[in-house]
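Q: Each chain, letter by letter, is given below.
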Amino acid sequence: AQSVTQLGSHVSVSEGALVLLRCNYSSSVPPYLFWYVQYPNQGLQLLLKYTSAATLVKGINGFEAEFKKSETSFHLTKPSAHMSDAAEYFCAVTSRSSASKIIFGSGTRLSIRP
Amino acid sequence: GAVVSQHPSWVICKSGTSVKIECRSLDFQATTMFWYRQFPKQSLMLMATSNEGSKATYEQGVEKDKFLINHASLTLSTLTVTSAHPEDSSFYICSASEESHGYTFGSGTRLTVV
Chain A
1 AQSVTQLGSH
11 VSVSEGALVL
21 LRCNYSSSVP
31 PYLFWYVQYP
41 NQGLQLLLKY
51 TSAATLVKGI
61 NGFEAEFKKS
71 ETSFHLTKPS
81 AHMSDAAEYF
91 CAVTSRSSAS
101 KIIFGSGTRL
111 SIRP
Chain B
1 GAVVSQHPSW
11 VICKSGTSVK
21 IECRSLDFQA
31 TTMFWYRQFP
41 KQSLMLMATS
51 NEGSKATYEQ
61 GVEKDKFLIN
71 HASLTLSTLT
81 VTSAHPEDSS
91 FYICSASEES
101 HGYTFGSGTR
111 LTVV
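Taken in sequence, the protein lines are chains A and B.
Count the first sequence with this note's numbering and you get residues 1 to 114, in order.
Count the second sequence with this note's numbering and you get residues 1 to 114, in order.
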């Protein structure tokens, strides 16, 4: 069975500050890991994904995440927050098959203070 | 890039009627499609997985007779909410997957049953 746990349902940072959204996974097989962003009443946009190549994954909009097997973590970071980063962020896990279902974490709402 | 079109984006229906939601992969053939449900301020919960030409696999607790899924071609899957009730009001999101494109999500359908 696979699962992800997102620590912190709500994170608030100042504009220009570091963004850190935490995700820990559980998987009995080598996982694929994803971070998605969702704006209100919209679908999901893929920020980045880990598929067993480089452990440090760079995504869109300046986000990156590092796969740490020893810590079973895949935290999302961005050096400098922008107001436009305010949204809901979901960490997700699946096994290495396009037919495998994606399991989502509970989500973290990111707020940006002016 | 891969695009998944989901229609309608929102729908209001009367209690007891049925509603059909379409999910199309526009520029690729999706071997597998997934249907998710999202309640306000919550994560995405997988409802079912469908493969072209075969019966959908429903997650535990999802009523297959209420949420009819048809995957008639490699580019189209439909979700029909039968005899809808107010508790079926939710945000429904589809996802299509294919080996080279990974997972692509539709923009979601906001269903309101009155």
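Derived from the structure by calculation, the hints contain no laboratory data.
Be careful, since some hints might not be right.
[Claimed, not checked] Beyond 10 Å from chain A on every Cβ pair, some chain B residues (computed):
#: 1; residue: Val19
#: 2; residue: Asp27
#: 3; residue: Lys41
#: 4; residue: Gln42
#: 5; residue: Leu44
#: 6; residue: Thr49
#: 7; residue: Leu76
#: 8; residue: Glu87
#: 9; residue: Phe91
#: 10; residue: Ser95
#: 11; residue: Gly108
[To be verified] Derived lysine to aspartate or glutamate pairs resembling DMTMM-like cross-links, with alpha carbons at most 20 Å apart:
#: 12; chain 1: A; residue 1: Lys49; chain 2: B; residue 2: Glu22
#: 13; chain 1: B; residue 1: Lys41; chain 2: A; residue 2: Glu66
#: 14; chain 1: B; residue 1: Lys66; chain 2: B; residue 2: Glu98
#: 15; chain 1: B; residue 1: Lys41; chain 2: B; residue 2: Glu52
#: 16; chain 1: A; residue 1: Lys49; chain 2: A; residue 2: Glu71
#: 17; chain 1: B; residue 1: Lys14; chain 2: B; residue 2: Asp65
#: 18; chain 1: A; residue 1: Lys49; chain 2: A; residue 2: Glu66
#: 19; chain 1: A; residue 1: Lys49; chain 2: B; residue 2: Glu99
#: 20; chain 1: A; residue 1: Lys49; chain 2: A; residue 2: Glu15
Where is the CB? At the ideal position from N, CA and C, for every residue including glycine.
Q: Assess, step by step, whether the Cα of lysine 41 of chain B is no farther than 20 Å from the Cα of glutamate 52 of chain B, and give holds or violated.
A: violated (32 Å)
Q: Glutamine 42 of chain B: least C-beta distance to chain A exceeds 10 Å?
A: Not fine: 7 Å to the nearest Cβ puts glutamine 42 of chain B too close to chain A.
Q: Is it true that the CA of lysine 49 of chain A sits at most 20 Å from the CA of glutamate 71 of chain A?
A: Status holds; Cα separation ~18 Å.
Q: Compare the distance between the alpha carbons of lysine 14 of chain B and aspartate 65 of chain B with 20 Å, and conclude whether the hinted pair is satisfied.
A: holds (19 Å)
Q: Confirm or reject the statement that glutamate 87 of chain B sits farther than 10 Å, beta carbon to beta carbon, from all of chain A.
A: holds (20 Å)
Q: Take a quick look at threonine 49 of chain B and tell me if its Cβ sits farther than 10 Å from every Cβ on chain A, holds or violated.
A: Non-interface label on threonine 49 of chain B violated, nearest chain A Cβ at 6 Å vs cutoff 10 Å.
Q: Just checking, leucine 44 of chain B versus chain A, shortest CB gap more than 10 Å?
A: The claim breaks: leucine 44 of chain B does not keep its Cβ more than 10 Å from every Cβ of chain A (closest is about 5 Å).
Q: Would you check whether the claim that serine 95 of chain B is not at the interface survives, using Cβ distances to chain A and the 10 Å cut-off?
A: violated (7 Å)
Q: Hey, lysine 49 of chain A versus glutamate 15 of chain A, does the alpha-carbon distance stay inside 20 Å?
A: violated (25 Å)
Q: Keeping to a limit of 20 Å between CA atoms, is the pair of lysine 49 of chain A and glutamate 22 of chain B held or broken?
A: violated (27 Å)
Q: Need the status of pair lysine 49 of chain A, glutamate 99 of chain B: alpha-carbon distance at most 20 Å?
A: holds (14 Å)
Q: Confirm or reject the statement that phenylalanine 91 of chain B sits farther than 10 Å, beta carbon to beta carbon, from all of chain A.
A: Not fine: 7 Å to the nearest Cβ puts phenylalanine 91 of chain B too close to chain A.
The structure fails to meet hints 3, 4, 5, 6, 9, 10, 11, 12, 13, 14, 15 and 20 from the earlier list, while all remaining hints are met.
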